[in-house]
Amino acid sequence: MRAAVIVFPGSNCDRDIAVALEQSTGKPTKMVWHQDTEIPDVDLIAVPGGFSYGDYLRCGAMAAHSPVMREVKRRAEKGTRVLAVCNGFQIVTEAGLLPGVLMRNKDLRFICRDVHLKVEDSQSAFTAKYTTGDVIRIPIAHAEGNYFADQKTLDELEGEGRVAFRYCSPEGAVTEAANPNGSQRNIAGIFNKSRTVLGMMPHPERLADATLGGTDGRAMFDALVETLS
Amino acid sequence: MKAKVHITLKNGVLDPQGKAVEHALLGLGFDGVGGVRQGKYIEVDLPKQSDKAKAKSQVEDMCKKLLANTVIENFSVEVVD
Numbered sequence: 094m095r096a097a098v099i100v101f102p103g104s105n106c107d108r109d110i111a112v113a114l115e116q117s118t119g120k121p122t123k124m125v126w127h128q129d130t131e132i133p134d135v136d137l138i139a140v141p142g143g144f145s146y147g148d149y150l151r152c153g154a155m156a157a158h159s160p161v162m163r164e165v166k167r168r169a170e171k172g173t174r175v176l177a178v179c180n181g182f183q184i185v186t187e188a189g190l191l192p193g194v195l196m197r198n199k200d201l202r203f204i205c206r207d208v209h210l211k212v213e214d215s216q217s218a219f220t221a222k223y224t225t226g227d228v229i230r231i232p233i234a235h236a237e238g239n240y241f242a243d244q245k246t247l248d249e250l251e252g253e254g255r256v257a258f259r260y261c262s263p264e265g266a267v268t269e270a271a272n273p274n275g276s277q278r279n280i281a282g283i284f285n286k287s288r289t290v291l292g293m294m295p296h297p298e299r300l301a302d303a304t305l306g307g308t309d310g311r312a313m314f315d316a317l318v319e320t321l322s
Numbered sequence: 011m012k013a014k015v016h017i018t019l020k021n022g023v024l025d026p027q028g029k030a031v032e033h034a035l036l037g038l039g040f041d042g043v044g045g046v047r048q049g050k051y052i053e054v055d056l057p058k059q060s061d062k063a064k065a066k067s068q069v070e071d072m073c074k075k076l077l078a079n080t081v082i083e084n085f086s087v088e089v090v091d
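As given, the protein sequences belong to chains A and B, one line each in that order.
Throughout, our numbering is defined as the position within the first sequence, counted from one, plus 93.
Throughout, our numbering is defined as the position within the second sequence, counted from one, plus 10.
A hint or two may mislead.
[As the list claims (entries may be wrong)] Computed list of lysine-lysine pairs in BS3-like fashion (alpha-carbon distance at most 25 Å, straight line):
hint	chain 1	residue 1	chain 2	residue 2
1	B	LYS12	A	LYS171
2	B	LYS75	B	LYS50
3	B	LYS58	A	LYS245
4	B	LYS50	A	LYS199
5	A	LYS199	B	LYS29
6	B	LYS29	B	LYS50
7	A	LYS245	B	LYS20
8	A	LYS166	B	LYS74
9	A	LYS171	A	LYS199
10	B	LYS29	B	LYS75
11	B	LYS64	B	LYS74
12	B	LYS58	B	LYS75
13	B	LYS50	B	LYS62
14	B	LYS12	B	LYS29
15	B	LYS20	B	LYS66
16	B	LYS74	A	LYS286
17	B	LYS50	B	LYS14
18	B	LYS14	B	LYS58
19	A	LYS199	A	LYS120
20	B	LYS74	A	LYS245
21	B	LYS75	A	LYS166
22	B	LYS14	B	LYS64
23	A	LYS286	B	LYS50
24	B	LYS29	B	LYS66
25	A	LYS199	B	LYS20
26	B	LYS20	B	LYS74
27	B	LYS50	B	LYS20
Think of the hints as simulated: they come from the structure by calculation, not from any bench.
Chain B with its partners taken away, still in its complex shape (with noise of 0.2 Å):
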């Protein structure tokens, strides 16, 4: 099984590399952008794990002890075969 992870900075949080790309877009004239976030994604590989739920747990145990920083990032867990 493969976990996919997605980290982002929470509402509220200032986000300065985000805000340097969404002027960098609207510099490049792309008119639309109304706001950029930017985050992280990770994927963790469980060879062993054939179960989904104890997986999606495991790794979400990994967010809080490690992968993010619960003071100002969201995470969430996807798991796929």
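Just chain A, with the same shape it has in the complex (with noise of 0.2 Å):
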């Protein structure tokens, strides 16, 4: 498998979600500026977490609307994966490839900790190693993250199978308590209509080292790898 790793002003998880690929892929990432109008021939693209353009506007806003999002897009569009994580679901939802907006958080503060997230669907290319109903533990870092988009656009996802994750307790219970920053049905992540895209808040690639604490994104990776390969 092939992957590049798009790069904003402002992106800091870049070379962290980079590593993370290599560690699977076993080949050096494609890194890609954003003002670059083409993506090398790869079979997987990142969009990654961080602050793109200082978060100016909105989060997600001015990145959405950058020369190499056009290509993402386009890309996108023709069944290339992408996975968005972090300030990259900001800028795809802005962009217009998932539904809905995120938030600021509902108590306002900037969350960064491990929680829980149980694995809602595991038929995609992203998934494919978890089994539906695990409970896997993963770091979030955000202060918009509270996923929002009217009951309507929340009744599709869910009637089509497209919530990937939710936040829940370390038992799996989804609950209000488990929920940390007020995102709509505990949603953490969710796919396109052809689970090619994922957007998801929490960042697989910082739990993907057991020297960092833990491989429970790992997985993620390692599908990637498995599917496309």
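Combine the two chains into a complex, taking the hints into account.
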């Protein structure tokens, strides 16, 4: 599997996700600058976390209209897998690749800690190494991760099985207490209709190496390599 | 010409920042406060535009494409000379 990581001014998880990808692929990852209009021929495009364009106007709003995003959208429409993490999730919702918006956390605080996620769907290239119902531990680090969409969109996402992850307790209970940021229906990550684009607030790349305290995130990169190689 | 753009959260969308400001105002003794909603105000200079209607429609287009996120926000545009 060949992978590219998009780099915006203000991205700060671009190298982390490249390291996590290289660990699973065994190949160097292409780094693509936001002003580039072409992306190398790859199987996966990662849109990383950070504070692209200083979060000006709204998180992800400026990056969504950067030159490289036109190409990301074009590739996504052709079926190239897109993994959008944290600020990346904010960017792809602003770009219209995924529905909804990430609003300010309910308690207004920046939250940086591990959370538990319930895997809601293992039928994608991203989640194939998990089993539906699995509880995994992945860190979050955001001030704007409060997922919002209108009821109709939420019902559509649920009906089509496009909720990828929900915040839950360590035992797997999806409760208000386990919801760190006020997200509608505890949603932590969603797919597009064809399950080729995944947007999620938690950072799988931050727990993909035992030295860093856990490997629950690694299964996502391994699954991508297995599916896309 | 200049366009004055107000961007506000739609009704029904929670506004935790507005809520925090409301609590702070009540804490300062402003008893009459029944609610606070926080938004954005943006000015756009349009030196080459002389037609008010065209300026308005152009800025409304800017709002839809970039300045506002219409999933959660409403906008209103006022054009002045």
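We went through each hint and held it up to the structure:
no. : hint                   : in the structure
1   : B/LYS12 with A/LYS171  : violated (41 Å)
2   : B/LYS75 with B/LYS50   : holds (16 Å)
3   : B/LYS58 with A/LYS245  : violated (42 Å)
4   : B/LYS50 with A/LYS199  : holds (19 Å)
5   : A/LYS199 with B/LYS29  : holds (10 Å)
6   : B/LYS29 with B/LYS50   : holds (16 Å)
7   : A/LYS245 with B/LYS20  : holds (16 Å)
8   : A/LYS166 with B/LYS74  : holds (19 Å)
9   : A/LYS171 with A/LYS199 : violated (36 Å)
10  : B/LYS29 with B/LYS75   : violated (28 Å)
11  : B/LYS64 with B/LYS74   : holds (15 Å)
12  : B/LYS58 with B/LYS75   : holds (21 Å)
13  : B/LYS50 with B/LYS62   : holds (22 Å)
14  : B/LYS12 with B/LYS29   : violated (32 Å)
15  : B/LYS20 with B/LYS66   : holds (21 Å)
16  : B/LYS74 with A/LYS286  : holds (24 Å)
17  : B/LYS50 with B/LYS14   : holds (11 Å)
18  : B/LYS14 with B/LYS58   : holds (16 Å)
19  : A/LYS199 with A/LYS120 : violated (40 Å)
20  : B/LYS74 with A/LYS245  : holds (21 Å)
21  : B/LYS75 with A/LYS166  : holds (16 Å)
22  : B/LYS14 with B/LYS64   : holds (14 Å)
23  : A/LYS286 with B/LYS50  : violated (33 Å)
24  : B/LYS29 with B/LYS66   : violated (32 Å)
25  : A/LYS199 with B/LYS20  : holds (16 Å)
26  : B/LYS20 with B/LYS74   : holds (14 Å)
27  : B/LYS50 with B/LYS20   : holds (13 Å)
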